[in-house]
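Asker: Here is what each chain is made of, one letter per residue.
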Amino acid sequence: MLMKEIENETRPRVLAISSGGGHWIQLLRIRAAFDGCEVTYATVDDGYAADVENGSFARIPNGNLWSVWSLLRSAFGVGCLLVKLRPEVIVTTGAAPGYFAVMFGKFIGARTVWLDSMANAGGLSSSGRKAMRFADLCLTQWRHLTGDNGPHFRGAVFNSSALT
Amino acid sequence: MIFVTVGSDTPFDRLIKTIDRWAFENSRRDVFAQIGRNAWKPQFVAYSEMLGPHDFKRHVNAARVVVGHAGMGTILTALQLNTPLLVMPRRGAMGETRNNHQVDTARELECIKGVDVALDERSLIEKLQFIDDAKNSVSISSHADESLTSSIREFIHRHKQS
Chain H
1339 MLMKEIENET
1349 RPRVLAISSG
1359 GGHWIQLLRI
1369 RAAFDGCEVT
1379 YATVDDGYAA
1389 DVENGSFARI
1399 PNGNLWSVWS
1409 LLRSAFGVGC
1419 LLVKLRPEVI
1429 VTTGAAPGYF
1439 AVMFGKFIGA
1449 RTVWLDSMAN
1459 AGGLSSSGRK
1469 AMRFADLCLT
1479 QWRHLTGDNG
1489 PHFRGAVFNS
1499 SALT
Chain P
35 MIFVTVGSDT
45 PFDRLIKTID
55 RWAFENSRRD
65 VFAQIGRNAW
75 KPQFVAYSEM
85 LGPHDFKRHV
95 NAARVVVGHA
105 GMGTILTALQ
115 LNTPLLVMPR
125 RGAMGETRNN
135 HQVDTARELE
145 CIKGVDVALD
155 ERSLIEKLQF
165 IDDAKNSVSI
175 SSHADESLTS
185 SIREFIHRHK
195 QS
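Sequences listed follow chains H and P, in order. Residue 1466 in the working numbering sits at position 128 of the first sequence, with consecutive numbering throughout. Residue 93 in the working numbering sits at position 59 of the second sequence, with consecutive numbering throughout.
Mixed in with the good hints, there may be bad ones.
A short, non-exhaustive set of chain P residues, derived as facing chain H with CB atoms under 7 Å [stated by the list, open to error]: (1) Asn95; (2) Leu110; (3) Leu162; (4) Asn170; (5) Ser173; (6) Phe189.
The set of hints was computed from the structure by calculation and includes no laboratory data. The beta-carbon is built from N, C-alpha and C at its ideal position, and this holds for glycine as well.
Construct the entire structure; sequences and hints are all you get.
Answerer: Encoded structure:
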């Protein structure tokens, strides 16, 4: 028991957060990045909990740019989760809930990673461009979108050029 | 079964109307569509507004071929489950997404084996005529590039150790 407590003290507390659908699938595909961490996964539908049976799971309200009300609710839900979990590191694949997590993460002293969705091959997403102001590490999944001050390219959730 | 999906965000009536007309004209009873909330309702094909994550995966797995919007959820699920895929991207100018990113995605991913792209309804109808010949997509591993995960892992542990 004591060993376990000591172990948890040295394991970084990580919040891995995204909206549903493709954002969530991309977050699952980078799970190996959270090895050795005390990770909580957060997304917008309880149905996704089965995907992370070995990690703790939290549901947050979804928000999207079509509806201001949904954005406010999502921001509030994400804010409450951050206060409760106090993560040291936040990693997100977007979209709106991830943006709120990266922005509020600043206030609680968390370090943050924004991984822009692979869907954005023609330019960083609008939430990604906003998140870049707050995120400590901003990544794109397309080499041609790399900029001097970010976003950076370190690889993608799958290697499309190897599949042709 | 041909599984048609528009994803969980907003309806994509242009896709569903085209599929519905094609299925009616060709007496295709083997089409099932997920159409989104507040969408145009198909006259001929069976449909559901939304599917939970588990049911969505089950349909993609059971399908002979998936016809969908060019969303990453649809594309990654089909590739992970090795199901052939035909996508028509949503267009920003038509209010189907906020920008034209699905057209960019479709163009970049078109080169992948087993992923076919129809940029408009006419092209979709043409490609649907050969839908029964669709070849299996390549299967992809369940993990991202090692270079990506190791960079993020390194970032997470960098300060903790110092």
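Asker: Are the hints correct? Go through all of them and say.
Answerer: Here's how the hints hold up against the structure:
1. Asn95: Because about 14 Å separates Asn95/P from the closest Cβ in chain H, which is outside the 7 Å limit, the hint is violated.
2. Leu110: holds, 5 Å
3. Leu162: It is violated, given that the least Cβ distance between Leu162/P and chain H is near 24 Å, above 7 Å.
4. Asn170: violated, 12 Å
5. Ser173: violated, 9 Å
6. Phe189: holds, 5 Å
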